[in-house]
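Asker: One letter stands for each residue in the lines below.
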Amino acid sequence: MATTAEPTTAVAQPKMVNLTIEGRPVSVPEGMSILEAGKRAGVLIPHYCYHPGLSIAGNCRMCLVEVEKAAKLAPSCATAAAEGQVVHVYTEKALEARKGVLEMLLINHPLDCPICDKSGECELQDFTYQEGPAKSRLRDPKRFSPIEDFGGDVLYTTSRCILCTRCVRFMDEIAQDTVLNVSARGDRAVIGKYEGKELTHAWAGNVIDVCPVGALLSKDSLNKARSWELDHAPSICPGCSQGCNISIDTRDNTVIRLRPRPNDDVNKYFMCDIGRLDYRWINRQDRIEVPLVRRGESLAASDWDVAIPAAAALLDGKRVFVAASPNLSNETLHLLAKLVASAGGSGAYTVRIGPEAPLPGVKDLSLRADRAANGAGAEILGFKRTASPLDGLAKGDVLVVADADLSTATVDQLALPGAILVIGTTLPENLRTASVVLPIANYAEEEGTFTNLRGRVQRFSQAKAAPGMARPSWWVVGDVLAALGKGEAYYLASEVFSAMAGEVSAFSGMNYDGLGMRGMVVNGGAS
Amino acid sequence: MGYPQPSHERETPVLSKYFGDRDATSLDGWRKRGGYEGLRKALSMTPAEIVDIVKTSGLRGRGGAGFPTGIKWSFMKPGDGKPHYLCCNADESEPGTFKDREIMRWTPHALVEGCALGAYAIGAETAYVYIRGEFTEPLARMRQAVREAYDAGILGTNSMGTGKRIDVIIHKGAGAYICGEETAMMNSIEGRRGNPRIKPPFPAVSGVFAQPTTINNVETLAAVPHILVQGADWYKAMSLSSPKSTGSKLFSVCGNIARPGNYEVTLGFPFKDFLYDLCGGPLPGRTLKAVVPGGISVPIQTMEEAEASKMDYEGFIEQGSMLGSGGVIVFDDQQNMVKQIARAARFFAHESCGQCTQCREGTAWTTRIMERIRDGEGTHEDLDTLFSIADNMTATTICVLSDSCAVPVMSGIRKFRSEFEALIKKPKFHPVTAAVA
Amino acid sequence: MTAAIHEHETPYQPVFVGDRRKELDALFPLYPTKMACILPALWMVQEDRGWVSDAAMAEVAQVLELTAAYVKGVVTFYTMYNQHPVGKYLIQVCTTTPCNICGAEDVVSAFMEHTGCTDLGITSADGRFTIIEVECLGACGFATPVMINEDVVESVTAARVPGILAGLK
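Protein sequence lines, in the order shown, are assigned to chains R, Y and A. Quick note on this note's numbering: the first sequence kicks off at 5 and runs consecutively. Quick note on this note's numbering: the second sequence kicks off at 308 and runs consecutively. Quick note on this note's numbering: the third sequence kicks off at 806 and runs consecutively.
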């Protein structure tokens, strides 16, 4: 592993300028826009076309502010903060101008909030409520354009479009596949594409997120839920080893959609369509809901007080082979590793591979070949990456299947172990010979951390309740270890993490508070 | 001269001297008329010397903005190691203006010479001449003139034997008034949609292909060789009113006037004399009602204002309008001002690039309301709404097309309100809730 | 649009071959980027085919190393590129304010009457004429200017229209 000590020499500080925004003094690097300076002063200047991940367009004119001694109102996204500037956001002149912008955006808008998916999370609604006109002065027919299916997951509701061009800029600058354009000009302008070329780029779904209004919508989540019905849980996409930060949006304990969450160090503001649309497995109903213990020919429903001791009895004094899923959290894998260490034996994991799909406009961001979230964590914690899930399983071992995919395991391989303990979310047919089955939460039903391919440890939080009697995975493994007398039981994921940080040098010095929302890179860097 | 009219004795023919003279279009013909002496002289000077001469002359941009040309040229920093560009704005699309067309089709070499001189003065080796696609004849004449200039060694790697490189490239537009806006023109040359850019950065810092660029109008560049040959003081002395407005200017006269055409007069010339004497006044049996002195984007003048105006930058401002491009549109008593302002609004709505909210929606909304008033379906509230929209469209956008649309609307309603009110027959608009009672 | 062959019935023949390709190649050294050649390239397409089809946009994109969607965005911005086939004579009458006050609308009516075109923008049944109103042609002193394909006819009045049409075969 390469040593990556944090640089100890001070980086040259950029020249700072001091200005006042809405009476609040703020100091920002020279060259920063007034809009960004406003954010740092705690003032959100209304805007549409500006996006921190895209080039500056300056066309919506929504961010107009009054700058003392300047002749005209300034578009704050495109005006540099300057020494001694005094900026007013809420003076009558600025408010009138922005109200004028909103009025003009609304006159030809269909105002169909009752049937628009964006309702409740729409910036046109938000700023109109805040400072828009109460009535329409339009006495003429509205302009109407039909809906267009752009392909992929993207539906374009032309009439709602405010022509901010965020989508065009995203595809051009970040995806670097210029498949969207502005067609025609003036009030006939619409977002367009070339006939026959669909929006199937692996990252195209991000245009839906960057669209401030309900013009670009996800076909996958069309009409499924109202935005205010949704709960949002910050999480990590489990689709590959990139570890894009996401939000899992649920309603009534069902995942409705995934959306990216900003992280400057990992995915900026974006996530790929493959990860975005792969959430239905989180909602699957064919889950193990109660602990199961073998009684003769069949597995019988049981409860934790019986199943845990039964699992311990199974393992006591035996060599173990742990087939782990690379989508288990660091916490759970750590406890499984302790089981391996105490019992003697080994642990392994396999990863499904798929084609990469980089996002060229962002440094080091790609859909990765390794289609699992925590292969790096499994590696650090001592699990061996194998081509086949049961490589290394010896005759007589107790096989612990920790939610691993054993669909490729052969009958002969599955006949090798002396006993099978399943700690998992589902019970496939070929594992019905198990002796004990302990139901666990999937990653969206518990808290934990993943380690991405760059060694960044990132937290994910619980988005929905686990079904039936299923418990967090780290809790279950901890109980088994405790029952064996080989460890303690844990009731908080943070406690497991702290214990791990105390024992595994890669995580030394880390804790949940320190990880926060951005994560930290393991000591010694990624392997 | 007053082409296509006969020359008037009170004109000052400098640029228009050979309008109508077919022989002036060829290189030989141009040389016989003193052509390329200005360039020859300039190439023996340093760029800094040329810039000083142009500054002293007081020449101001003839496209409409009136920015002092010498000062604009001085923004181009010599020795910065970057390729400099000159862009000649031959996109002439401001309604009422047709002077650059005549310069190019009668005296194309005047512009070739002006471009070469201008390029040299700003340290550029390449000049793009952006000619609107509709100008078929000017394009043909300019292309021919450029070919002749290359063949004669005036353009190319060894301009007039001085070892200096000057390339002039003709670039044909494709139908967009907005490409006459300097930053939109640069985008168009780069092969993009003709969207204006946010300034800063200014063209002299980052222009076409992100390099230092100067954009000048056809008439401006055509004037420069004359200034080099006859001297800055000669040009500066040509001033009949405000000393800040020097030289001669081509005024394109059109509309309801006896003798439409281009006229070249010294700046500061009295507008009343110009309209009634040089241009012949109204058509028989009619009286003049309104004048737009500088292209449709400047405020409409009442005849009282027009007749009191001196034809220069300061003079028109004093009388409620602007010199602009010098496109003089004359309206007589038979015209319906409401209809014509509606048509002007429609022009702007058609030409808006669509970037800025206020312009994209405002020009179209203004047009709808104006046309509704024109058709007798307007209300008094509509007039208030028009003013409010115009106010929102002013000083709030990336470029001034938005402001330009607001100008004829506001000046029209203010100065010809009776014509609007005569068409308003509908009662006050009642919202639905009130109708229930 | 009525007499034209529908694009999908015959395979697209490229424009940028032979002399046209040479002409395009000669433009590349004049600009720092290939993208800057897009307007001249589109003019070559329009000169050869009378209009710019989707397939032509794809060809321009290919020779200039751009995307077809990008080219389409440019084509639809500039009004002189025809996005559909037009009649043999595209009659473009300026009706902006300076010409409007000199009888431009009468000129439009006269053209409509004498060509048999049923509407603006709709090609006549015999495929010869398409009439459209355009914005200021920059020849305001010669009201009303009418652009017929590439030629600008100055000082057109309603009375002159039949004579002008007679000269168009």
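No lab work stands behind these hints, which were simulated from the structure alone. None of the values given here were measured: they were computed from a predicted structure. For glycine and all other residues, C-beta sits at the position ideal for the given N, C-alpha and C. Hints are not guaranteed to be accurate.
Claimed, not checked - Straight-line C-alpha distance at most 30 Å; calculated DSSO-like pairs for lysine-lysine:
| no. | chain 1 | residue 1 | chain 2 | residue 2 |
| --- | --- | --- | --- | --- |
| 1 | Y | Lys-646 | Y | Lys-579 |
| 2 | Y | Lys-362 | R | Lys-76 |
| 3 | Y | Lys-506 | R | Lys-73 |
| 4 | Y | Lys-506 | R | Lys-76 |
| 5 | Y | Lys-384 | R | Lys-19 |
| 6 | R | Lys-73 | Y | Lys-579 |
| 7 | R | Lys-146 | Y | Lys-389 |
| 8 | Y | Lys-506 | R | Lys-19 |
| 9 | R | Lys-367 | R | Lys-399 |
| 10 | Y | Lys-722 | R | Lys-103 |
| 11 | R | Lys-146 | Y | Lys-732 |
| 12 | Y | Lys-362 | Y | Lys-551 |
Unchecked claim - Stretch by stretch, here's where chain Y covers chain R in the computed footprint (C-beta under 8 Å, at least three residues):
| no. | segment |
| --- | --- |
| 13 | 52-65 |
| 14 | 73-81 |
| 15 | 187-193 |
| 16 | 301-307 |
| 17 | 479-488 |
Claimed, not checked - Just a few of them, taken from the derived set where beta-carbon distance is under 10 Å, the chain Y residues facing chain A:
| no. | residue |
| --- | --- |
| 18 | Gly-480 |
| 19 | Phe-509 |
| 20 | Ser-559 |
| 21 | Gly-562 |
| 22 | Gly-634 |
| 23 | Glu-658 |
| 24 | Gly-683 |
| 25 | His-687 |
Asker: Below or equal to 30 Å on CA atoms is what counts here, so check Lys-362/Y against Lys-551/Y.
Answerer: Since the Cα atoms of Lys-362/Y and Lys-551/Y sit roughly 12 Å apart, the hinted pair holds (cutoff 30 Å).
Asker: Mind checking the alpha carbons of Lys-722/Y and Lys-103/R for me, to see if they're no more than 30 Å apart?
Answerer: Roughly 28 Å between the alpha carbons, so the hint for Lys-722/Y and Lys-103/R holds.
Asker: Is the interface hint for Gly-683/Y satisfied, with its Cβ closer than 10 Å to some Cβ of chain A?
Answerer: Status violated, d = 18 Å.
Asker: Take the C-alpha atoms of Lys-362/Y and Lys-76/R, compute the straight-line distance between them, and say whether it is at most 30 Å.
Answerer: Since the Cα atoms of Lys-362/Y and Lys-76/R sit roughly 29 Å apart, the hinted pair holds (cutoff 30 Å).
Asker: With a cut-off of 10 Å, does the beta carbon of Phe-509/Y approach a beta carbon of chain A closely enough for the hint to hold?
Answerer: violated (20 Å)
Asker: Any CB of chain A closer than 10 Å to the CB of Gly-634/Y?
Answerer: holds (7 Å)
Asker: Hint His-687/Y vs chain A: min CB-CB distance below 10 Å?
Answerer: violated (25 Å)
Asker: Next pair to validate is Lys-646/Y with Lys-579/Y; report whether the Cα-Cα distance is within 30 Å.
Answerer: Holds: Lys-646/Y and Lys-579/Y sit about 26 Å apart, inside 30 Å.
Asker: Sort out whether Lys-579/Y lies within 30 Å of Lys-73/R, counting only the CA atoms.
Answerer: Not OK: Lys-73/R and Lys-579/Y at ~40 Å, beyond 30 Å, violated.
Asker: Quick check: do three or more residues in the segment 73-81 of chain R have a beta carbon closer than 8 Å to a beta carbon of chain Y?
Answerer: holds (count 4)
Asker: Within the segment 52-65 of chain R, is the number of residues with a Cβ closer than 8 Å to a Cβ of chain Y three or more?
Answerer: This one holds; 6 residues, not fewer than the three required, reach chain Y with a Cβ under 8 Å.
Asker: Holds or violated: are the alpha carbons of Lys-506/Y and Lys-76/R at most 30 Å from each other?
Answerer: holds (13 Å)
In this structure, the earlier hints numbered 6, 7, 9, 16, 17, 19, 24, 25 are contradicted, and the remaining ones agree with it.
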